[in-house]
Amino acid sequence: MGTLTTPAVERENYLNADYGIKSWLLTTDHKRIALLYLISITAMFMVGGIAATLIRIELLTPAGDFMSSDTYNKMFSIHGIVMVFFFLVPSIPAVLGNFLIPMMVGAKDLAFPKINLASWYLYIMGAGLMLYVILTGGVDTGWTFYTPFSSTYSNTHVIAAVIAIFVAGFSSIFTGLNFIVTIHRMRAPGMTWSRLPLFCWSHYATAVIMVLGTPSVAIALTLVALERAFHIGIFDPRLGGDPLLFQHLFWFYSHPAVYIMILPSMGVVSEIVSTFSRKRVFGYSFVALASIAIAVLGFLVWAHHMFVAGISAYAALVFSILSYFVAVPSAIKVFNWTATMYKGSIWLSTPMLYAMGFIGLFTMGGMTGLFLACLGVDVHVHDTYFVIAHFHYIMVGGAVMGYMAGIHFWWPKISGRMYPEVWGKLAAGIIFVGFNLTFFPQFVLGYLGMPRRYHAYPPEFQVLNVMSSAGASILAVGYILPLIYMLWSLRYGEVASDNPWGATGLEWRTPSPPPTENFVETPVVTWEAYDYSTVPEVPVAR
Amino acid sequence: MHDSQVIAGEHLRPHYADMEQQRETATMGMWVFLITEIIFFGGLFTAYLVYRSAHYDAWLIGSEHMEFWIGTINTVILLCSSLFVALAVHAAQVGRNKMCALYLGLAAAMGLLFLGFKGVEYHQHFVEGAVPGSLWHLQVPDANSVQMFFYIYFVMTGLHALHVTIGVILLLVIAWYALKGRFSPQYHTPVEISGLYWHFVDIVWIFLYPLLYLIGHKKA
Amino acid sequence: MWQSLPLWPSRASSMAGRTDALVIFLIAICGFVTLTIFVLIFVFAIKYRREKHPVAVQIEGSNILEATWTLIPFFIFIVMFVWGASIYMAEARPPKDAMEIFVVAKQWMWKFQHPEGQREIDQLHVPLGRDVRLTMISQDVIHSLFVPAFRVKQDVLPGRYTTTWFRATKPGRYHLFCTQYCGTMHSGMIGEIVVMEPATYQAWLSGGNAEGSLASTGQKLFQQLGCSSCHRFDTQGRGPNLVGVYGRPVLLDDGRTVIADDAYVRESILNPGAKVVAGFRPLMPTFQGVVNEEQVLSLIAYVKSISQPEQREPVSNRPAVPPHPSPVPRGR
Numbered sequence: 003m004g005t006l007t008t009p010a011v012e013r014e015n016y017l018n019a020d021y022g023i024k025s026w027l028l029t030t031d032h033k034r035i036a037l038l039y040l041i042s043i044t045a046m047f048m049v050g051g052i053a054a055t056l057i058r059i060e061l062l063t064p065a066g067d068f069m070s071s072d073t074y075n076k077m078f079s080i081h082g083i084v085m086v087f088f089f090l091v092p093s094i095p096a097v098l099g100n101f102l103i104p105m106m107v108g109a110k111d112l113a114f115p116k117i118n119l120a121s122w123y124l125y126i127m128g129a130g131l132m133l134y135v136i137l138t139g140g141v142d143t144g145w146t147f148y149t150p151f152s153s154t155y156s157n158t159h160v161i162a163a164v165i166a167i168f169v170a171g172f173s174s175i176f177t178g179l180n181f182i183v184t185i186h187r188m189r190a191p192g193m194t195w196s197r198l199p200l201f202c203w204s205h206y207a208t209a210v211i212m213v214l215g216t217p218s219v220a221i222a223l224t225l226v227a228l229e230r231a232f233h234i235g236i237f238d239p240r241l242g243g244d245p246l247l248f249q250h251l252f253w254f255y256s257h258p259a260v261y262i263m264i265l266p267s268m269g270v271v272s273e274i275v276s277t278f279s280r281k282r283v284f285g286y287s288f289v290a291l292a293s294i295a296i297a298v299l300g301f302l303v304w305a306h307h308m309f310v311a312g313i314s315a316y317a318a319l320v321f322s323i324l325s326y327f328v329a330v331p332s333a334i335k336v337f338n339w340t341a342t343m344y345k346g347s348i349w350l351s352t353p354m355l356y357a358m359g360f361i362g363l364f365t366m367g368g369m370t371g372l373f374l375a376c377l378g379v380d381v382h383v384h385d386t387y388f389v390i391a392h393f394h395y396i397m398v399g400g401a402v403m404g405y406m407a408g409i410h411f412w413w414p415k416i417s418g419r420m421y422p423e424v425w426g427k428l429a430a431g432i433i434f435v436g437f438n439l440t441f442f443p444q445f446v447l448g449y450l451g452m453p454r455r456y457h458a459y460p461p462e463f464q465v466l467n468v469m470s471s472a473g474a475s476i477l478a479v480g481y482i483l484p485l486i487y488m489l490w491s492l493r494y495g496e497v498a499s500d501n502p503w504g505a506t507g508l509e510w511r512t513p514s515p516p517p518t519e520n521f522v523e524t525p526v527v528t529w530e531a532y533d534y535s536t537v538p539e540v541p542v543a544r
Numbered sequence: 013m014h015d016s017q018v019i020a021g022e023h024l025r026p027h028y029a030d031m032e033q034q035r036e037t038a039t040m041g042m043w044v045f046l047i048t049e050i051i052f053f054g055g056l057f058t059a060y061l062v063y064r065s066a067h068y069d070a071w072l073i074g075s076e077h078m079e080f081w082i083g084t085i086n087t088v089i090l091l092c093s094s095l096f097v098a099l100a101v102h103a104a105q106v107g108r109n110k111m112c113a114l115y116l117g118l119a120a121a122m123g124l125l126f127l128g129f130k131g132v133e134y135h136q137h138f139v140e141g142a143v144p145g146s147l148w149h150l151q152v153p154d155a156n157s158v159q160m161f162f163y164i165y166f167v168m169t170g171l172h173a174l175h176v177t178i179g180v181i182l183l184l185v186i187a188w189y190a191l192k193g194r195f196s197p198q199y200h201t202p203v204e205i206s207g208l209y210w211h212f213v214d215i216v217w218i219f220l221y222p223l224l225y226l227i228g229h230k231k232a
Numbered sequence: 289m290w291q292s293l294p295l296w297p298s299r300a301s302s303m304a305g306r307t308d309a310l311v312i313f314l315i316a317i318c319g320f321v322t323l324t325i326f327v328l329i330f331v332f333a334i335k336y337r338r339e340k341h342p343v344a345v346q347i348e349g350s351n352i353l354e355a356t357w358t359l360i361p362f363f364i365f366i367v368m369f370v371w372g373a374s375i376y377m378a379e380a381r382p383p384k385d386a387m388e389i390f391v392v393a394k395q396w397m398w399k400f401q402h403p404e405g406q407r408e409i410d411q412l413h414v415p416l417g418r419d420v421r422l423t424m425i426s427q428d429v430i431h432s433l434f435v436p437a438f439r440v441k442q443d444v445l446p447g448r449y450t451t452t453w454f455r456a457t458k459p460g461r462y463h464l465f466c467t468q469y470c471g472t473m474h475s476g477m478i479g480e481i482v483v484m485e486p487a488t489y490q491a492w493l494s495g496g497n498a499e500g501s502l503a504s505t506g507q508k509l510f511q512q513l514g515c516s517s518c519h520r521f522d523t524q525g526r527g528p529n530l531v532g533v534y535g536r537p538v539l540l541d542d543g544r545t546v547i548a549d550d551a552y553v554r555e556s557i558l559n560p561g562a563k564v565v566a567g568f569r570p571l572m573p574t575f576q577g578v579v580n581e582e583q584v585l586s587l588i589a590y591v592k593s594i595s596q597p598e599q600r601e602p603v604s605n606r607p608a609v610p611p612h613p614s615p616v617p618r619g620r
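Residue numbers (my numbering), protein chains in the order written: chain A, 3 to 544; chain B, 13 to 232; chain C, 289 to 620.
Since the hints were made in silico from the structure, they are not lab data.
Accuracy of the hints is not assured; some may be wrong.
[Claimed, not checked] Derived pair list, reagent style DSS-like, types lysine-lysine, alpha-carbon separation capped at 30 Å:
#1 C:K458 x C:K399
#2 A:K427 x C:K458
#3 A:K116 x B:K130
#4 B:K192 x A:K116
#5 A:K345 x C:K340
[Said to hold, decoys possible] Pulled from the structure, derived: some chain A residues nowhere near chain B, Cβ distances all over 10 Å:
#6 F114
#7 G140
#8 R187
#9 I294
#10 S314
#11 A317
Every residue gets a Cβ at the ideal spot worked out from N, C-alpha and C, and that includes glycine.
Using the sequences and the hints, build the whole thing.
Below, the structure written as structure tokens:
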């Protein structure tokens with residue numbers, strides 16, 4: 003195990019075990035499926051990114067002069083739908099979760115390998131349909147599809163878009179189902195719950211949310227589609243239908259969905275902060291249970307998106323206090339990660355830089371969530387750029403940075419190669435700078451009163467918008483760099499050892515890249531999680 | 013070396029340690045899937061409850077215009093079909109493949125009967141003018157709200173009928189495997205988890221029936 | 289340069305100051321926490337870098353620390369919640385003697401109606417220092433009325449009224465935005481609130497209003513549409529006498545009692561079968577599609593005007609009352 007002289011990348015591993023397009027498209031190997039997802043998710047990220055680029059170009063000037071209003075409305079809708087449903091929700095779970103969870107628990111594959119493949123095909127069908135929607139005229143309802151605009155008034159491909167999301171949601175349910183059953187039933191001997199890597203705990207919580215929440219948005223969107231196709235009147239006020247019913251059904255999923263989008267990256271950060279501090283995560287049980295608490299509490303707060311929507315004031319009070327409760331476990335995690343670094347032995351590698359960036363930016367994003375949970379403040383900042391800044395801090399400054407951190411951290415395991423460290427750090431720095439320049443001004447814009455989804459805006463908002471667009475161009479460079487050097491590394495990167503980082507997970511105790519069946523022998527676990535005495539140190543010269 | 017195939021049934025998949033793990037995993041998977049179905053239907057039940065509390069009188073009127081006898085017969089049909097499925101599972105557990113296939117076939121037939129009656133019922137609604145929207149011509153007070161009842165009725169029973177259809181196909185596929193002699197006391201998980209799915213479809217109907225057909229019903 | 293780089297919105301309402309104070313508190317707390325985390329991470333990364341600190345000290349955890357950093361944030365959050373809730377509850381309860389403005393939102397304009405009859409589009413004149421309650425409805429999709437300088441926002445829904453209120457404290461012109469995405473010209477559905485000194489406002493109000501008050505518009509409509517043929521001012525009508533009805537309990541035929549508020553009157557016009565008054569038959573035809581939301585508001589204003597505040601008894605069999613709304617309170 004790891005002591006052979008031939009590099010693993012030349013021995014038989016999951017990448018070279020079989021060749022040909024059929025061996026990839028009909029694979030049931032969770033690692034190959036993860037790579038299939040990696041390619042498709044990267045493609046969708048670029049689609050969403052192009053929409054964002056066009057939006058930021060339009061917003062350089064106060065007047066709506068770059069594209070028509072209808073086109074702009076389609077741009078932000080497509081950006082939201084693609085980024086939420088086709089990038090953020092699947093990203094870490096479908097790529098890193100699929101690749102790593104079987105190995106982390108000591109299994110040969112997920113519980114249901116064929117359902118795993120089916121989930122990828124569902125994703126492809128949903129994404130394909132969404133691309134069709136984009137190319138044939140788009141959709142202009144916003145990713146939130148509020149009725150009655152989406153059910154009665156919009157003239158765009160709402161039904162097709164809704165079906166695309168429904169199908170992608172099914173893909174998500176299959177992934178979640180697979181993770182739950184795998185973590186429950188497929189753990190190797192000795193791998194007790196309290197020895198599981200925190201990455202697994204996060205993904206377990208994520209999977210629970212995927213399974214319980216996705217059907218709610220599925221039925222909400224199904225009803226919108228039925229209303230458009232058959233003119234049923236469930237959300238039509240003229241028949242006594244209640245547009246707010248849609249909002250409740252929609253947000254019952256879409257709020258927990260944001261925890262689907264952040265919990266996996268929190269799992270990544272736990273692994274990385276531990277490895278590069280060479281220390282057990284401070285307060286392991288608290289971090290593990292905080293993930294579960296976030297999943298549970300996350301289902302209780304949905305109407306904080308509706309404080310000014312016409313719900314009763316008393317309902318608003320309830321949802322506000324619950325929203326403060328859900329902030330507590332996230333705070334606990336941030337403090338525990340920081341405490342993990344205390345008296346650690348810190349290695350400032352690229353993944354660690356991303357993880358540290360995550361901690362800082364997620365803290366900022368999370369704190370601004372407190373503004374939104376606060377009823378008196380939310381009345382002013384709801385539906386303004388303040389909200390946009392808040393969720394981009396969490397989703398981009400948090401989740402995407404976590405994704406980048408994870409891709410870099412596990413790249414040696416996935417590909418058998420090291421990425422170029424200097425370029426990695428450079429890209430991380432560019433992303434950090436570009437990100438803050440893009441989104442910090444938006445907090446100010448929001449408090450000043452600039453509404454969301456505005457094609458044109460009053461001239462006094464221009465300077466801040468220009469700053470934001472400038473930041474976006476820097477951010478774009480930061481994202482393009484890894485695309486280039488990661489591909490470069492596949493051919494020219496330094497060959498990786500089994501455990502280049504000195505990490506403790508089971509996935510590092512098998513070759514890089516791993517054989518198809520993950521482990522030559524089923525591991526028997528006798529050590530606690532993050533026990534660095536069981537792995538050799540990596541010398542500093544690296 | 014850890015023996016990864018303690019009970020080496022020919023149906024053991026390579027990534028499982030033994031048949032017991034395979035069975036437990038499959039069963040757990042189906043339960044998790046059924047929970048998603050509960051949430052899915054739950055959204056419709058929520059819509060039903062919200063509008064019923066807002067338009068109670070209209071809900072009573074709507075329920076009075078339901079085809080009570082067709083609904084009741086369909087309830088009996090589904091209950092019988094679940095009995096057949098339970099018998100099929102037992103037959104598979106004791107290795108009686110032919111009996112298993114027979115029972116599954118009977119259950120599927122009852123499912124088709126259910127769908128047939130449903131079709132007749134929908135046609136009846138159409139004739140009476142109880143199809144909401146442009147085809148509506150039922151003379152009732154507060155017609156808007158009664159139409160809302162019927163919108164929810166059609167969506168709920170339509171979605172349920174879709175699940176019955178999927179269930180029928182599933183049962184027939186498993187019946188086919190049974191005819192090929194595939195199941196045994198050591199391996200009959202597909203029958204069990206298909207049975208779970210069918211029982212779930214039945215239970216959804218058990219909730220739909222009283223909520224749609226039995227509220228405010230004054231006839232015997 | 290600073291004129292072109294605003295950093296804080298102006299404060300022009302009684303709530304703006306309260307909101308800003310809370311926001312500054314939030315910024316202080318959040319800024320402090322964020323800065324602390326950033327500094328700690330930065331310091332640890334340098335102080336414990338592996339070149340200088342090769343052996344990590346394995347610390348399992350600390351229950352005391354966990355309790356501390358769970359409970360302290362929790363209590364701070366409670367403070368934030370209570371403070372925010374108090375502002376929100378004040379905003380949710382318009383003062384009783386607020387002046388009314390009616391708002392009808394449609395794709396893509398704001399229509400304002402003063403009770404005195406003035407109509408405005410995309411611009412609303414209000415007097416300084418008076419409580420103003422907005423009763424709002426949409427003709428089509430969901431919109432949202434947002435005045436940043438007042439820190440006020442409320443979604444405007446189709447099918448039912450929503451309300452909000454403000455008291456302007458500084459004269460001037462302030463942005464009005466629609467802030468719930470509503471289609472093509474969402475970002476064009478903007479306007480301004482013009483806050484005037486009370487005397488100037490009075491002058492503006494009386495300066496050009498040939499149509500008469502909203503209630504008199506409603507009265508004309510009431511007769512035009514034939515409402516008065518059933519809703520007579522005696523006991524002979526096929527429909528209930530509407531004098532004195534507004535704002536008081538109404539007994540329905542199924543035994544329920546409801547208050548005759550704006551929503552009830554609107555529903556009675558657009559979906560009369562939903563609630564039938566006790567003792568009457570469900571004969572009233574629906575006026576959905578016949579009247580638009582602005583006309584409904586004028587009818588409500590009329591019905592309100594024939595309900596005098598001094599009368600206490602519910603109306604059922606009153607003697608004939610002339611249809612003109614009289615400013616003199618009617619004695620028994």
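>> Checking one constraint from the list: CA of K345 of chain A to CA of K340 of chain C, max 30 Å. Satisfied?
In response: 11 Å, holds
>> Please verify whether K192 of chain B and K116 of chain A have alpha carbons no more than 30 Å apart.
In response: Since the Cα atoms of K192 of chain B and K116 of chain A sit roughly 23 Å apart, the hinted pair holds (cutoff 30 Å).
> Taking C-beta pairs only, is R187 of chain A more than 10 Å away from all of chain B?
Replying inline: Given a closest Cβ separation of 5 Å, the condition is violated.
>> Checking a non-interface call: every C-beta of chain B should be farther than 10 Å from the C-beta of I294 of chain A. Is that right?
In response: It holds; I294 of chain A is separated from chain B by about 16 Å at its closest Cβ, greater than 10 Å.
> Is the nearest Cβ of chain B still more than 10 Å from the Cβ of S314 of chain A?
Replying inline: 14 Å, holds
> Taking the closest pair, is the beta carbon of A317 of chain A still more than 10 Å from chain B?
Replying inline: Fine: 14 Å to the nearest Cβ keeps A317 of chain A off the interface.
>> Verify this label for me: F114 of chain A is non-interface relative to chain B, using a Cβ-Cβ cutoff of 10 Å.
In response: 6 Å, violated
> Checking the smallest CB distance to chain B, is G140 of chain A really beyond 10 Å?
Replying inline: 27 Å, holds
>> Please verify whether K427 of chain A and K458 of chain C have alpha carbons no more than 30 Å apart.
In response: Cα-Cα ~52 Å, so violated.
>> Hinted pair, alpha-carbon criterion (30 Å max): K458 of chain C, K399 of chain C. Please report holds or violated.
In response: This hinted pair holds, its Cα atoms lying about 23 Å apart.
>> What's the verdict on K116 of chain A and K130 of chain B, does the C-alpha distance respect the 30 Å limit or exceed it?
In response: Violated - the C-alpha atoms of K130 of chain B and K116 of chain A are around 35 Å apart, more than 30 Å.
In this structure, the hints that do not hold are numbers 2, 3, 6 and 8, in rising order.
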